[in-house]
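Protein chains: 2
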Amino acid sequence: MDITGESLIGASHIKGGGTAFFAFNPATASELQPAFHTAGKAEVDCACELARIAFDPYRNTDPETRARLLESIAENILALGDQLIERAMSESGLPRARLEGERGRTVGQLRLFAEVLREGSWQDARIDPALPDRQPFPRVDLRLRMIALGPVAVFGASNFPLAFSVAGGDTAAALAAGCPVVVKAHPAHPGTSELVGRALQKAVSAAGFPEGVFSLLTGIGNDLGIELVQHPAIQAVGFTGSRQGGLVLMSAAAARPQPIPVYAEMSSINPVFLLPQALADKAEPLAAAFVDSLVLGVGQFCTNPGLVLALQGPDLERFSTAAATQLAQRNAAAMLTAGIHHAYQKGVGRLAANSRVRQLSQGVASDAAGSGVPALFSTSAQDFLTDPQLSEEIFGPASLLVACRDMAEMLAVAENLEGQLTATLQMTDGDHQAVRGLLPILERKAGRILANGFPTGVEVSYSMVHGGPFPATSDSRTTSVGTAAIQRFLRPVSYQNIPQDLLPAAIQDSNPLAIGQRINGQLSGK
Amino acid sequence: MDITGESLIGASHIKGGGTAFFAFNPATASELQPAFHTAGKAEVDCACELARIAFDPYRNTDPETRARLLESIAENILALGDQLIERAMSESGLPRARLEGERGRTVGQLRLFAEVLREGSWQDARIDPALPDRQPFPRVDLRLRMIALGPVAVFGASNFPLAFSVAGGDTAAALAAGCPVVVKAHPAHPGTSELVGRALQKAVSAAGFPEGVFSLLTGIGNDLGIELVQHPAIQAVGFTGSRQGGLVLMSAAAARPQPIPVYAEMSSINPVFLLPQALADKAEPLAAAFVDSLVLGVGQFCTNPGLVLALQGPDLERFSTAAATQLAQRNAAAMLTAGIHHAYQKGVGRLAANSRVRQLSQGVASDAAGSGVPALFSTSAQDFLTDPQLSEEIFGPASLLVACRDMAEMLAVAENLEGQLTATLQMTDGDHQAVRGLLPILERKAGRILANGFPTGVEVSYSMVHGGPFPATSDSRTTSVGTAAIQRFLRPVSYQNIPQDLLPAAIQDSNPLAIGQRINGQLSGK
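Chains A and B, in that order, give the protein sequences. Numbers in my numbering are just positions in the first sequence, counted from 1, shifted up by 203. Numbers in my numbering are just positions in the second sequence, counted from 1, shifted up by 203.
For reference, chain A alone in the conformation it holds in the complex (with noise of 0.2 Å):
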């Protein structure tokens, strides 16, 4: 397939007539072809509207039919081949294997949502039938169904060009749930974002639906953004990157004159706890697992094990000792993009020079511009609880240890984080007790709580939250991966008295669907 450097917008490709950019090759640090044309204003408004047409059509379509829209856009991704993995590997800079792994994800949560379309629990479908006869007063027939919120703007990420991009987890979702998807492209890999845009135009059109279900802008500029954002016809938004794109986003979004959704993933800097016992019977091993997920994707992953909590003495110095040792070891490698790679550097260059902080490790630099190279720090509680900059993200491969005088210290650590998308828990039987103390606080703070692994790997499942409170994202209340994700592009109406014929099939008495119903409060129906 072509790419062209074109936005799709519905059915059709067209060049935005904004500034023009390039690809960038982070590996070999050389520009990539095609030019790509930003889209503006009008071509916002074409996607917008319609996707605004295309609503109501397509959210009223049978779930059956979307989860058969969902299994054929994993289909075409599929179809790409290798074109798709290898302009993704140019683009990103990422290990064919790993970029093989994350389509598999990526068609595996398409699929994955096929399945709870088809389940139906979603819909929250609940009926409480008529009481003629209930004294003082008769109650009405009602029922509640889950509805679509309406179109949404979803933003690509830079460090998963598949999973968290233009057919990711928020498009899946947003499909599923019954809205049209607007995309704005990462530009960081524009030509992967053509390729599985012009998958899922593709899809779409097969399927015989309105167009604007689907388009994909593609620009450089906070403008095309913003512009989208406050479109009237967006009603939600989602969004994976930094704190400051996040929060401009936010603010866009609570300025329109109808304030909208907005689920961005930000910042987290994903505490992990060595609790004493474990640390005692294993501080090696834990050391060198650590250091493996720190360097994971050069440390950029929103789940990056950036903070290491744990108490001081001859145990914490081992794992020190290991985790140095070993991080000295890895190599440098090149970053997604420039900015991020800057944005790298200065974090760390922030920390070394923090006279809190002293660095116990870096790994082997490269010459190749734009490499990240790990890096291992650490201070005290004391010190990290007085100093607020020692708890901000450095996205890449950078941790700092905490050494805490005792159980009450940590705490009072944990206590005074920010909210993050994880915690982790390393512990043995021996540990139970500490771990009572600090699950509480844990659950006030993250979206999940793990024990005895590392915060990095994320399982699509129906169990995962990836989430937490702000600022490791905006909106605390649901997640961005695995099934509940659906549950962000959906709003509650209620039918009072509707007839039979007239009411949406998730809700009428022959239960057409077969799907789970809520019959005053029981569940019954499935």
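Just so you know, these hints were derived from the structure itself, not from any lab. A quick note: this is a predicted structure, and the numbers were derived from the prediction, not measured. It is possible that part of the hints are untrue.
Said to hold, decoys possible - Derived CB-CB ranges, DEER-like:
#1 A:G640 - B:D426: 31 to 39 Å
#2 A:S727 - B:S408: 37 to 45 Å
#3 B:P335 - A:G640: 23 to 31 Å
#4 B:P335 - A:E267: 28 to 36 Å
#5 A:L281 - B:T589: 49 to 57 Å
#6 B:R271 - A:P488: 42 to 50 Å
As the list claims (entries may be wrong) - Selected chain A positions facing chain B (in silico; Cβ < 8 Å):
#7 H216
#8 A457
#9 P643
#10 S679
#11 V696
#12 Y698
Unchecked claim - Chain B regions said to be covered by chain A (calculated; three or more residues, Cβ under 8 Å):
#13 313-324
#14 344-354
#15 403-410
#16 504-516
#17 675-683
#18 695-705
Don't be surprised by glycine CBs; every beta carbon is placed ideally from N, CA and C.
Please build the complex by placing chain B on the supplied structure of chain A, with the hints as guidance.
Frame of chain A, contents of chain B only:
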């Protein structure tokens, strides 16, 4: 029980140092004793800090314990007996029967949330068991449950001194979810608020919960509410009131270093569509029922039918004539507050002065100050579409009839509406085809769609949605009435590889709460 004019801060009662004020009887235009003392920043801080401290122990109580708290609050409210009803009558001018009914609803809603707690599906318990042999990577053990958001600020509404006030829907839902509550009493019924607050305080104390589970702040002026919303301990806001008031709270919440969700129910004109066949069949009885709904409670309901749409012609003439005649016989009555009356007079005056509008009828005026006189106006759809002022809510017993040339114009008016709490269809079998055109629009515009009734009268049940798109509310994803309201105060947390003895009861393998658990997405356990 004595009314002292104090704020209730945890287990204490404290005389605020701010401006003193008195309750006012709108029916007799006289002040009521005693003086109330406006709480200041110190009281806000204290209430919020106590709530923060209470949060972990309270949310970690088992659901049965919280269910009993809700039931004991209901008992304590009933035990206030006639003192509560009489004080509420004095402070609101509402009749005894209405307030007794409202007390029944308030008590019923507390008991319904107790049932919800015991049933358990609110926890959304999910278990994805580990798959150690999965290729290429094993799957971890993942579980999900909902936990409480944190301390909630609840603003009492003027128009429901019981059911949307101190122990109203938001308080019941938040306490059920596991959130401590800090209520700002509405200054229109401070004595009613204090009585209910003391009933609540007593129940919290008798149950042995931390005192910060509930506080009540009394006062006038805007500072108190803003300070409450901006306190870092507060994690969500529930509000029912004016659009202006809701927008102020939304801005204050969005401007916090950590933004928080605001559930503001603000304004709605609740369009009523008179479909042609229904209008032809029963113009006169529809007119009578409409006027009953319009003047109920002096029109001071969020769901008051402020807009009626029908096709122009002789049937609409019959309806207009009958409604005008009916309305002309209805008496003016005392409105809740001088402020509400003033705003009503202004709104009606603005309509009367609008050259696009014709006044059809008005009710019987009264010499009593603060009385709202029912009023009925009419205009054409074309004028309605031209002049945005005609869509503005007039809180009180006023309504506007809009004559449409044809169904296409009726659809255009529907499409042009802002978000609404309700949309009503008056229809017969012969109207189903026309309704099919309206329904998709109304689903996008309203939280509840009802047929052959009037929107006043909100059932507290499983399937109720009292909510809707902006500006009806600030967040269309939730409801403020009915069992689904518990969800607005919850967020999901995921647990990965956490040992059984450290897991919350809801997601333990042994399912000690005997609630529904979704295993790999399939419901089981109950």
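Check your understanding: Against which earlier hints does the structure fall short, listed by number upward?
Key -> 7, 15, 16
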